[in-house]
Structure formats: structure tokens, C-alpha cells
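The primary structure of each chain is shown beneath.
Protein chains: 2
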Amino acid sequence: MVTAEEKELLAERLITGNLYKLKHLCSTVQPEELADIINDSKEIDYLKVFQVLDAEKAIKTFENLDFKVQLDLLRNFSLEQVASTLNQISPDDRTALFEKLSEETLQKYLSLLSDEERKTTKELLQYPEDSIGRLMTPDFISVKEDWTVVQVLDYIRKNGSNSETISNIYVTDSNGFLIDDIKVRDFLLAPLDKKVNELMDLQYVSLNARDDQESAIEFFKQTNRVALPVTDFKGLLVGIITIDDVVDVIEEEDTEDIQKFGGTEALDEPYLKISLYKMIRKRAGWLVILFLGEMLTASAMGYFNDELNKAVVLTLFVPLIISSGGNSGSQAATLIIRAMALGEVTWLDWWHVIRREVLSGLTLGSILAIIGFLRIAIWSQFTTIYGDYWFLIGLTVSFTLVGVVMWGTLMGSMIPMLLKKIGKDPAVSSAPFIATLVDVTGLIIYFSLAFLILRGTLL
Amino acid sequence: MVTAEEKELLAERLITGNLYKLKHLCSTVQPEELADIINDSKEIDYLKVFQVLDAEKAIKTFENLDFKVQLDLLRNFSLEQVASTLNQISPDDRTALFEKLSEETLQKYLSLLSDEERKTTKELLQYPEDSIGRLMTPDFISVKEDWTVVQVLDYIRKNGSNSETISNIYVTDSNGFLIDDIKVRDFLLAPLDKKVNELMDLQYVSLNARDDQESAIEFFKQTNRVALPVTDFKGLLVGIITIDDVVDVIEEEDTEDIQKFGGTEALDEPYLKISLYKMIRKRAGWLVILFLGEMLTASAMGYFNDELNKAVVLTLFVPLIISSGGNSGSQAATLIIRAMALGEVTWLDWWHVIRREVLSGLTLGSILAIIGFLRIAIWSQFTTIYGDYWFLIGLTVSFTLVGVVMWGTLMGSMIPMLLKKIGKDPAVSSAPFIATLVDVTGLIIYFSLAFLILRGTLL
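Chains as they are written, first to last, in this note's numbering: chain C, 1 to 459; chain V, 1 to 459.
In isolation and in its complexed conformation, chain C is listed as follows:
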């Protein structure tokens, strides 16, 4: 295995080496690693690399390259090379490539496929974006229930080379409907004369080709399988999904969630590869929305302008108060969003969640209130900045903290749940979003309490 340093060294050599050296270098690494090195480097002349790769390794390497590199290679390949590459890469990788092509290029490349591969590709592209159908490969091994183990093993030996994985063997009826899936291990461990139907338990998990890719994650986690069969709405076996594709989906989904949660649109591209313009655009949207929302704080404070003028000392605690609301809201939102993503919390738990968050908010708010009061009490012994009414100011700040933190935890937990309930992505209720929302209400709570507590004295 190549470590990060070895990879840099290899990249270095791939950049500087002549054809003869390249050929030697490429023979020492696995195609997945080679692709990884090319993806990470900007300077490797991958056209030269592909000149020295043998046919099989070229295909496997190509499958693992980034879209941009794939596209550039295809543009520079001879027509014959393009056709052979497109016909030989596995159908799921081909779908991933084709779905990103412009209509014109798509039609051109489709025309280069054999009739059979073109039919497969068109079928796969008919499934909705981000659906399981787009992720699956239609190459699998299906057997009949009256075969013997030795027949199955012979069949695999003759027909298995195209299948992406043979970890599971699928039993179908004469019409192609899925009856069962059996781990290949069961065939390997069974006596050779046993019949397939003696190995069947008629219990299988299948995915629906039109379902969202995210739904596959839960199924893979529950079943501990490395591949799952995919059926159409009638139950016809149309393909399989392998766990390595699902691992990519998990990371993609988590990245999207994390980025949205940080208050930016999902980048959909690696940080260092996305163009600066695109990145700024993805960040500017939310930043401006939050800014416009936050402008309400200026209005809220303007509304309390008279009070502010009378008691400027109150403004000293504004950042402290609004940030405490934002922080507690951000905590609650993260916990709930992640718990929903993992399926630990659903809408049905709303009452349970409210109870927990109100209690948490009350406790956390009280802790901050005590610290805040102590701070004001102690400072007031050494400075005159808080004036004669430091006790009342301390009370105002403390009560406000309890209120603001409770409000923060409540909003932070309920808004993601409500978003999910109405079919929106809960991750957009980001830390900055919740903070902004809580800021305005926090100010209103603060100045209202100040008015109540300090009327007749400071105000």
C-alpha cells in the first residue's frame, strides 16, 4: 500500500519520468491507487500514462478517475480508443460519467456503444438523479432454484467475469423475478451435490431502483451485506448495488450536511479544486441572507433607542447575551440534525425532544446566569462602570440568559424537525441560521426584561 509520502514520490516520478520509466512505475501500483494519484496531482501528463497502461489496467484506472480527467482523456483519445473505453467500463461508472455530459456529447458517446451496452446505459439513465438505479450495475449472477451447487460453481466460472461482485448469487424464477439471494460463501461451504433450493431461506432484502440513494445506507447498515439486489416496482431483478458505492454516498451525504450546517451551500467539489468564483457564490448566498436577517437586530435595537440612550451600560452585555442564545441553539440543532440523519430521532419523538431541550435549556441557562451574575457582582466592587444599580442589571442579564438559552435550545431543536416534517432538508437550519434567528428574539427578551426590572431606576 502506498502511504501519503510514497504517493507524492510516485506523483513526482510520474511527472518527470520517460515512457519506459512510466511503464515500470505503473506496473507497481494498483489501478485504484494510480487513479488516486492522478486525481490528486495537477501536473501528471495522464495521456502519457495511458499510453503505457495495458488494456485491462487502463479501464480500471479510467473508472476511478475524476470526471474532468475522464472527459479530457476522452477528448484526446482516438475514436477507436474512446469506443473501446466506453464499452468496457462498468455500467455504473459509465452512468456516473454520462449523467454529467452535455446533451451533444452524450449522444455522440452513446452512438459509439454496442447495441447491448447502449440499451443498458439508456435504461440506467432513465432512473431519477441520485436514485439507486443510477448507482447500480446490471451485471450480476442469477441462477435457478433446481440447479446443484456444482452447476452453480461451473456457471460462475463461465459467466462471472463480467459481474462486479460475486459475493452474492441471486435466484430468479423463469421470468426474472427475484426469489432469493444467497451468499457465495454458502455455495463454497455446501456439498457439491446439494440443490440451490436447499440453500434458500426465501428471506432477502432488495432495494427499489427508483428510491433515493440515501435509503440504501440504512439497508446496508442493517443487513451487513456487501451487495444488495435492486428490483423494479414489479419485483424484476434489474441490478445490484455494492457497498463501496454506498461508502461514497455516505461520505457525500455527510459532507453536504456538514457544509450546510456551517452555513454554506454544499460545494459538491473538493475545496482546493472548486473555482474561487464558484466557492464564493456558494458562500455568498447564505451569508447575505443571514446578513439581511441580522439587520433586524439593528431595527430591534433602534426600537429600544430611548432605553439605550438612558442606560448605555445595557449595551455592554448585548454580544454576550446574543452569542449565548446562538451557541445553545447551535448545540441543539447539531444534535437533532445528526440524530435525524442517523434515524435515531423522528418527527414522532417531538414531544420527547421538547421536554429534553426545555430541561437542558433551563439548566444550561441557569449555569450561565449564575456565572454572569457573579461576574457583574464582582466587577462592580472594583469599577463604577455598572453604576449604583449593578444588582438590578445583574438580575436583568441573568434572567435574560435563562430565557435566551431556553429559546435557543427550543428553536435549535424544533426548526430542524419542522423542516424535515415539511419535506425540507433539516441541515439548512445551520448554526449561523439558528444564531441569527435567536439574536433578534434575544434582544427583544433582553430589553423587555430590562424595561420590567429597571423601570423607575435606570429606565
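Zero decoy hints are in this set.
Ranges of calculated distance between the beta carbons of each label pair, as one might list FRET restraints:
| hint | chain 1 | residue 1 | chain 2 | residue 2 | range |
| --- | --- | --- | --- | --- | --- |
| 1 | V | D45 | C | K194 | 33 to 41 Å |
| 2 | C | W351 | V | R355 | 46 to 54 Å |
| 3 | C | V358 | V | A266 | 18 to 26 Å |
| 4 | C | D146 | V | A266 | 52 to 60 Å |
| 5 | C | V69 | V | L362 | 27 to 35 Å |
| 6 | C | Q151 | V | Q151 | 17 to 25 Å |
| 7 | C | Q81 | V | E56 | 47 to 55 Å |
| 8 | V | N159 | C | Y155 | 18 to 26 Å |
No more than 35 Å apart at the CA atoms, straight line, and that leaves these computed lysine-lysine pairs for DSBU-like:
| hint | chain 1 | residue 1 | chain 2 | residue 2 |
| --- | --- | --- | --- | --- |
| 9 | V | K21 | C | K183 |
| 10 | V | K194 | C | K158 |
| 11 | V | K7 | V | K68 |
| 12 | V | K48 | V | K108 |
| 13 | V | K183 | C | K7 |
| 14 | C | K234 | V | K183 |
| 15 | V | K234 | V | K420 |
| 16 | C | K278 | C | K108 |
| 17 | V | K234 | V | K100 |
| 18 | V | K57 | C | K234 |
| 19 | V | K7 | C | K183 |
| 20 | V | K420 | C | K42 |
| 21 | C | K273 | C | K23 |
| 22 | C | K282 | C | K7 |
| 23 | V | K221 | C | K57 |
| 24 | C | K183 | V | K48 |
Which bits of chain C does chain V cover? Going by a derived footprint, with three or more residues having C-beta under 8 Å, they are:
| hint | stretch |
| --- | --- |
| 25 | 249-263 |
| 26 | 293-307 |
| 27 | 332-340 |
| 28 | 363-369 |
If you're looking for bench data, these hints aren't it; they were derived computationally from the structure. Remember, it's a predicted structure, so these values are computed and weren't measured experimentally. Just so it is clear, CB atoms sit at the ideal spot from N, CA and C, and this is done for glycine as well.
Since chain C is already given, all that's left is putting chain V on it; use the hints.
What follows is chain V alone, placed relative to chain C:
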């Protein structure tokens, strides 16, 4: 496969059914699903369920249960039942159970194991916490290079039933050192009389038993394998890791990162299952630290008390300004933390990152500055709240926004990278943490610029 609704229905029936009905119900679901249903429900009498399960299904179900349920079952099982369960569950699941036991219980359970299983368990427990050794299973199939394919298949048939997966077959020399790994598919597709060494390519990826579990993720993603061999520091093959365990590690790591990023310690337990006391403790720590940090804003504003008294109007924009810094910092921090977790960005890219973030900050800050200035200019036509010097106030706010947003993006991107560089977890530089840090400096930038721009007029 059971959907969420079917699961609820099944849970309902498992709660109310008599033994006879339970036996029937349990025969219709896979052990993984049954465990899932028990884990999710609080009311199922799992002791009753385990009375009706056949031996094999009971073991498989037990392996997939939560630690608390496992422990409760073991406490209520007969001694014989405990011994047979502990001896039969797979070694990696046993390690996961044993590492959470108290010393006393651990010794008691160890004494119930057969000599062989006890030796294995003790060896596995010697690996550091969260290491690959703790995740691996020592049951694998290893063959010698001079065997034929048919010999290998016969060997698998006789010895494979204990192995967690037989997707890969390992070739070792006479001392047990790993020479190669070969996919079982290669054996299934090869002529029966071929020799093992004819299938070998001497290229394999192996994990180190003492390495951190997180390192396994990258290897699995790169190699598209469903199982990887684990060796000790000398190269002796000691176990294998399967991808389903790695999927769990990915989700765990992502959950930890997300929770830390939201400004709370990682819960390490599902939201609805962790005790309220524990959850509040995990949240209070950071909330108090952030609160203490944020207190500096009160000091900073106190420091500018004279200016504040002269120009109360400046306070109106305090929340707007500090939140803009916090939001842009939170965006930058999320993007960088995630990019580092995915290996897209390393310390070596620091200069590249700084350049990107300074440019982004400048652009984003300027956008907000223009909006902010327009708002003040337009409002000042309709209200007297900003007074005669609205133009200078607008300039102050605008310049501050550029400065604060740039400072936010710079801190948000550099602090996670510095933390990583000094060996700390970058995810602790959470959105609230960055926001707090930027708040204090934001105020200083604001009032310093105000002093420069408004001296002689408002100040």
C-alpha cells in the same frame, strides 16, 4: 425487507405476543433486523424473545444488539447460556463487548471462554482502544502458494464456516507472513487445476493492527475491497477487517465531528438514549467556556465606554457586525475541517488556503459592506436615528464589515489547520468557538475604525 412502519408493527407484536406467536414472528425476520427492532424499542421483553430463538439465530441476533441489552441478557442468562453465547459470537463483536465491561465482569466472562477463545480475546484486547486490532476478526482463510484451485476450494468448504467473510483468500508463507491476497472471485473463475501462485500478483494492501481505525477508511475507499488483511508490525497476518465495520466507523467519526463542530462534546450515545444529566454535562462544558470567552466582549465594550456614551448609535450595529464575522468564520471552518477529514487539504496547502480565504473574505466582506452601506443610506432618508453623520457611520460599518469578514475567514480556516498541525482534533474549532473568537476582535476593529473615521464629528 422491513420498512419503518413494518418495524413498528413487528415491535408491537413482539411486545404483546405469547411465546408461540413470538416463535413464529422471529422466524420471519433476519437476525440483524430483529436486533435492530429490539435496539429501537424499550418495551420488548428480549429475554422472552431469546427463549424462542434457535441457537444460531440467537448468536447472530446477540452480536447486533446494543451493549446495554447484551449486558442485561448476559446477567439474566443461565451460566451455561452465557458461556455458550460468549464462546460462539464472532471475535470482533466479542472485543467490542468486552472492552466496555468492568474489570470484575471481564475476568468472570474471560474465565467462561474456552482456552483458545480466551487467548484470542486477550490478544485482541491488548491492542489500543480505537485501533484496527480492536476491530478485526482473527478468523480468515489462508492458503499456501503451491496449492491448486481445487485444493483451495476444498479447503474453504471444510474450514470456511468460521470465517466472517471469504471474499478474500490470503496467501501466507510457512511462518504465517502475508504474501498476497486474492479475491475469492479469482478462484471461482479460474480453471480448477491452476496453481495459487499463478493467480498471485504480489500486490496487496494491508493494515497495521496498531493503527487508528480512522486510517482504515482511506484504504477501503482507495481499494474498493470488502475486506482487508491486518498484519502486526513484523508482517505476520493476524486478522482481517470487513467493510461493514468500517461503515460504522465512518458514521461514528462523522457524528463526532458534526457534534464537536456544533459546539458540544461528542455524545457517544444516541440522542434519545443518553441520560439527560450526561447530555447536559457534555453541552455545559463548551457553553461555559464560550461564555467566559464571550465575556471579553463586555470588557472590550467597557473599554470603549466613553465612545459608546458619545455615540450610542454605534451600538445598533454591534450584533450585525459580530454575527457577520462569526458566520463567515463558521463557513470557512466547516469547509476546511471537512476537507481535512476527507484528506483533500493538508497542512502543506496552508498558503494556498490563505490565499483563497483572503480573496473570499475580501469579496464576501465587500458584498456585505455595500448592502450595509445602502441600508444606512436609505434608512437615513426616512429616520433621524443615525443623525447628521449617517454617511460617516455608513463608512465605518462598511469598512468594519470588510475587515471582520476577512478576519473571520482567515481565523476560521487557519485555526483548524493549526490545531491539526499540533496534533489536536480540528473539529473542536467549532462554529461557536470561531464566532466567539471573532466577536471580540470584531468589536475592537469596529471601535478602532469608528475612532479613526468619526473623530472630530461624533466622537
